[in-house]
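Participant: Now for the letters of each chain:
Protein chains: 2
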Amino acid sequence: MADKRIFNFSAGPSMLPEEVLRTASEQMLNYKGSGMSVMEMSHRSSAYDQIIKEAQRRLRALLQIPDNYKVLFLQGGASTQFSAIPMNLLRSGSADYVITGHFANLAYKEATKYGAIQVAGSTQEENFSRIPTQEELQLRKDADYVYLCSNNTIYGTQWKYVPQTQGVPIVADMSSDILSRTIDVSQYGLIFAGAQKNMGIAGVTVVIVREDLLGFQLAGTPTMLNYQIMADKDSMYNTPPTYAIYILGLVLEWIERQGGLEAIEARNERKAKLLYDYLDSSTFYQAAAQKQDRSLMNVTFCTPSKELDALFVSESIKAGMSNLKGHRAVGGIRASIYNAMPMEGVEHLVAFMKAFEATNGGR
Amino acid sequence: MADKRIFNFSAGPSMLPEEVLRTASEQMLNYKGSGMSVMEMSHRSSAYDQIIKEAQRRLRALLQIPDNYKVLFLQGGASTQFSAIPMNLLRSGSADYVITGHFANLAYKEATKYGAIQVAGSTQEENFSRIPTQEELQLRKDADYVYLCSNNTIYGTQWKYVPQTQGVPIVADMSSDILSRTIDVSQYGLIFAGAQKNMGIAGVTVVIVREDLLGFQLAGTPTMLNYQIMADKDSMYNTPPTYAIYILGLVLEWIERQGGLEAIEARNERKAKLLYDYLDSSTFYQAAAQKQDRSLMNVTFCTPSKELDALFVSESIKAGMSNLKGHRAVGGIRASIYNAMPMEGVEHLVAFMKAFEATNGGR
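Top to bottom, those sequences are chains H and A. Residue numbers for the first sequence follow UniProt numbering, so the first one is 1 and each next one is one higher. Residue numbers for the second sequence follow UniProt numbering, so the first one is 1 and each next one is one higher.
Heads up, some of the hints might be wrong.
One copy or two, it doesn't matter: identical chains are merged, so the pair holds either way.
Claimed, not checked - Under the rule of at most 30 Å between Cα atoms (straight-line distance), these lysine-lysine pairs were calculated in the BS3-like manner:
1. Lys291 <-> Lys160
2. Lys141 <-> Lys4
3. Lys233 <-> Lys113
4. Lys318 <-> Lys273
5. Lys4 <-> Lys354
6. Lys53 <-> Lys113
7. Lys318 <-> Lys32
8. Lys233 <-> Lys306
9. Lys32 <-> Lys4
10. Lys160 <-> Lys233
11. Lys53 <-> Lys4
12. Lys318 <-> Lys53
13. Lys113 <-> Lys4
14. Lys141 <-> Lys113
15. Lys109 <-> Lys4
Honestly, the hints are just simulated from the structure, not real lab data.
Excised from the complex, chain H in its bound form (with noise of 0.2 Å):
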């Protein structure tokens, strides 16, 4: 057992393909015969330039960015975005927030510091258990953007339509949710995930920005945190986070060899369509998330009492699961089920869901 992998269905750091782990284990003291591990590499070598040019054309094509967009590799989490993106795209003093979990809120307080932030729709009072509809949203035509976060890990929702914002640029929280799918990468004005979940390990964020919404920075906007800047070094104006960026270089590669993301998007698809129909089956188990805004990333669901979600996650462990316990703020249990997690990984959750209802469904 000490040798074998488990099923890890951690909301992130999450399970990375095991074609990667070996990868970067295999290159680890010496990369491609350069004598040295890339964690060793000066940042301003060719051959580390190499690992970031390519990471960046990889993620261009893998998600067809147009040229009109700069792809940025940054430090500090999406956290340090939640302060980055008012600082940098409150040219005229507005924004609308949409407030569909933890982390759209947390991004929506911190934006308050900088202006006049309104929320544009919450589902608050239903515990974050859908999304806002088109109709719902109160969005003002000249606020600087409007903000969102398409995938909410702690809830289990994902929102299943980009809204129509009369040409307010989107700004999406998209930290769970990238390359799970195909998206149109026009319809935002600035997309950003940390890498820790669907692109790599923690320590790297990606930030897409259209380039018309740079240069218009609050004054005593931190360098670091000046899209402008890092837009105009290329992500290198200090030294970037080297290593995680090279993981995330191999994650994209081996997005590439699965087909690209209609494929992910299709096995993702099947992946939670297994889990979901069972859940929809079960009078044992219930489903968190409406049914029309179910995330396919962030399964989330209960048993009929704590006690036995106790028991389920405890159980869950010695059948070689990881992390199935729901996140504090809500409880219950919760599977990430993210591009690295093979369909595998589900059917064996679903068969120990299985035996587990017809052990303790009678209680």
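Take the given structure of chain H and dock chain A to it, following the hints.
Facilitator: For chain A alone, kept in the frame of chain H given last:
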């Protein structure tokens, strides 16, 4: 040759102990029977909690950090601290900066966005070839802090004394000499360092700060740059750069095995002495920094001509050494000999230098 590791004299990111890389490679797919890579661990898991706590404990022990100092593991590199320091510490609005090189100057410029910053000393007119003396420093008694950069990577100089500041806290950028020698942390208000020279990989920055300096951040300070919040959350406000902290822990373990900082310092002195003694005995090579302030970490010198400098660099690569080219701001040659550079690497370099002088000295 493709399998052979080379002597990497890069100024940062830089050489790591081979033992650290071997351990990282071996644990890549399955960390101590956990069934997963450290890269894949939830930062809230008990396995990861032990990794980050152990890293902090080891750092505290090695540097003998007093209990009234907080240790933070942050992102964004030293450059992010150039903003965070004034935003957190300018409680009355003024600070004194000593300019001893490129990075001290960047820190100074960034700070001027946030308060009344004065230059307390500069050796720019002497091309930063030395450190100002205590007598040259013009320090205000009522400044919030005095800022210095303890080792100047580009110019090859290093502070050999801790200035008297009449109780004004000293803030020191130790990115390129932390853990290279023993220091008395209590002489500083705040010490910070990017990890990618002596501590690990790019992507984690250590901040060691005296508790009484916290809680005075300027309005508008981004949450992620607010030391008080990071301290209250023990660097876990959001997902920290988990893998970079793991590597930091492995490097700290390695330092312990070397005998701690006294042993490391003695070895660093021997390594530098070998190189400087040869430089001083040669009429071919010219050392760049003034003798009394020479860095033990970055040894800067040149040959009689730019052409020979370039030839030196290209020949050194063939001889199994990399990154000996001086920084573009000063030219010449620079050998960065951080903790992980073995004595054997310096001996190899000196032997190469002698042969190069013998061949090209007559030109």
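Participant: Which hint numbers does the structure go against, in order from smallest to largest?
Facilitator: Per hint list: 2, 6, 10, 13, 15 violated.
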